[in-house]
Amino acid sequence: MTDPKIHKTFKLYIDGAFPRSESGRVAPLHTQRARKGARANNARAKNGEVSSEVPIAQVARASRKDLRNAVQGARRAFASWSTSSAYLRGQILYRMAEMLDHRSSAFVDALVHFEGCSAAVAKREVEVSATRLLFYAGCCDKLTQLLGTVNPVAGPYFNFSMPEASGVIAALTPSRPSLLGLVSSLAPILVPGNTVVCVVPTQAAPIALDFAEVIATSDVPPGVVQILSGEREELVPHVATHRDLDGCLLCVEDAAIDADTRHRERQLVEAEAADHVKRVHVAEAVTSKDWLEGRAQGLGWILPFVEIKTAWHSMGR
Amino acid sequence: MSPGIDEALTPPFDLHIDAVALRARAAELGTRSIKNDSKRLGLARAMSMIDLTTLEGADTAERVRRLCVRAQRPGTGLPPAAAVCVYPRLVPVARRALEGSPVRVCAVSSGFPAGQVPLGIKLEDTRAAVEDGAEEIDIVIARGSLLAGDFTRVHDEVAALKEAASPACLKVILETGELGSFEQIAHAAWIACIAGADFVKTSTGKVAVNSTPATALCLLHVVRDYHAHTGREVGVKCAGGIRTAKEALHYLVLVHETMGPSWLVQSRFRIGASSLVDDLARQMLKLDGGRYVGSDDVVQD
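Those protein sequences? They're chains Z and V, same order as listed.
Counting along the first sequence from 1, when you hit position 112 you're at 112 in my numbering, and nothing is skipped either side.
Counting along the second sequence from 1, when you hit position 94 you're at 94 in my numbering, and nothing is skipped either side.
Next up, chain Z with everything else stripped away, as it sits in the complex (with noise of 0.2 Å):
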C-alpha cells in the first residue's frame, strides 16, 4: 500500500459509534519495519523516550469511563441479543465472515503497513480468520443440540440442560496476531448470545478498529461488540473489578510482555474476579503460530462463557 495522505486516527467503537476517548488521550503508531525493531521501539516508549520516527497514525487511549461506558452499553444489548433466535446470530456472524473477505485485500495492506508483516503472512491471518468466522457462524445453531442433553431421572419428569450466555465478557486480546486474536477471542463469545468488551493493545488498534468497520457493517447490533484500544495495563484492574462484567477471556501477549508480567496479570485478574465470581478464561494459544491452528477454534473457545440451564418438565400421562 502507498503511503495514504490521511494518516488516520483510530477511535473507539462504542454502542455502533466511532467515539473518542472521553479523556482526549491519543497515542501515536509508528512504523514497525521488522519485528525486532518494533519490540525496541516499545521498550523505548516504555522508558518514556520519545521516538525520533514520525508517526504514520493516531491511535484513541480508552480510559476506565470509555470501559465503564462500553460495559454499560454491552449490557443494553445483551437482553434482546442473548434472546435473538442462533439462527440470527448465526447469519450475523456469517455476514462478518462476508464483509471480512470481501475487503480482504485492503486487510493485507493495512497489515503490511502497520505491522510490517510480509504479504503471504498478511494473506494467511486474513484468509484464516474468515474461515474461523464462518466457522463459528455455524456452531450458532448447533451449540444446544451439542451441548444441551436431556437427563434420565428417577420420575416422571423430563429434565433438560441446556446452554445459555453468561453475560457481558470483557476480551483482552493479544497484540499480534492484531484481527487473528480479536476475531478468534470475540467470535466465540458471541455464539451463545454473550456481548463483548475488547481490549485491544495499542499496537493492534488499526487493524482491530478496521475490523470494527466490519462489524458496523454486519448488521451487528450496537453494543454486542465493542472495541476499545489502550494501555492493557491501565485498564487491566478495572476489567478485573468490575461488577458487571461477568466473564473475562485473557489472551496471554506473545513475546510483547515478559512471563512475570504475564503471570502477575493473571493473578490479578483471578483474584479480583472472585469477588463478583466472574469467569476467567487464560487462552491457550501463546504464539502467532498457535493462533493459525486448529487449536485456536472450536467448542472449548465457546464453552467457558456459557452457562448450563437445567429445566423439570412433568411427563404428564
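The set of hints was computed from the structure by calculation and includes no laboratory data.
Glycine is no exception: its CB is placed at the ideal position from the N, C-alpha and C atoms.
Among these hints, one or two may not hold up.
[As the list claims (entries may be wrong)] Facing chain Z, from chain V, some residues (calculated, C-beta under 10 Å): (1) L285; (2) G289; (3) G290; (4) R291; (5) Y292; (6) V293; (7) G294; (8) S295; (9) D296; (10) D297.
Given the structure of chain Z, go ahead and fit chain V onto it with the hints provided.
Showing chain V alone in chain Z's frame:
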C-alpha cells in the same frame, strides 16, 4: 377579561429571556466535577428530595406498597424519599403503607395529565384525594387556556384548586414541554405563584419533552424574582426523564447556584422520579466499594 386582572397576572419585570444564554448557563453548571465526599452528600441529598412516582394505568395496590417500602429504605447510606406520588385511587393504599414514616403521600389530580376536564370535576378529584389522606397534591394547569391567552382562567382555576387542596401542599405542573417558549414558561410559573402555588413543577412525564436543566433554571429565576417581589417562597419540582445520579446532581448544582444552599431542602426543591433511585443506590455502592456495580447488585424497579 378586565385589563386590571390581566395586568396583575403579568410579571412586573421584562419577560424577555435569552434562551441561548439560559441553556448555556444551565449546561455549564452540569460540567463541574464533583469529588467523592461531596458526591456522597449530594446523592443522599438528592434522595431526600425525591417524590418517588408511579403513574401508570397498570398500577396496582401491590406495586404501590412495594414503592412505599422502597421510599422508606432506598438503600445503604440513603435517607427516605420526600414523598410517594400516586394516582388518587391509590392514596389510601400509600397512606396505610407509609403510616408512621416521614415519607409523605402525594397525589396527582385535576384531570392529570391533560387537565382537560371541567373545573367542578377537578375540584372534586382534589378534595377526594385530600380526604383520603394526600398531604401533597400535584395539579396540572389548564394549558389549553394558557396557550389561548386566557390567563385569568388559568389563575382562577389554580386559586380554586389551592382552596380545595388546603391544607395539603399544592404543586402546579406547567408541562413546560408544551408551552413553546421560555417566556411562556416564565409567565405560566408567575401566574401559578400568584394563584397560591406552593411549588411550580415542570412536567407530567407524559409528553415527549420533559424537565431539562434550562427549564429548571428558568423556573428557579421566576421563583427567585417572585420571592424578591412578594416575600413568599415557592418551591420548584423537576420531573420526567431524570434517571441518573449525574442528572440529579446537576439539578442540585442549579438550585445551589441560583438560590443558595438554604434551598437544598425538600420543602423547597423536589425531583419527581422513579428509576433514579436505582442509580442513586448504585452510585452509593460504587462510592462505598470502589468498584463498578453489577446489574444484580441493586434492586431495579
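Structure-based check of all given hints:
no.	hint	in the structure
1	L285	9 Å, holds
2	G289	8 Å, holds
3	G290	8 Å, holds
4	R291	5 Å, holds
5	Y292	5 Å, holds
6	V293	6 Å, holds
7	G294	4 Å, holds
8	S295	6 Å, holds
9	D296	9 Å, holds
10	D297	6 Å, holds
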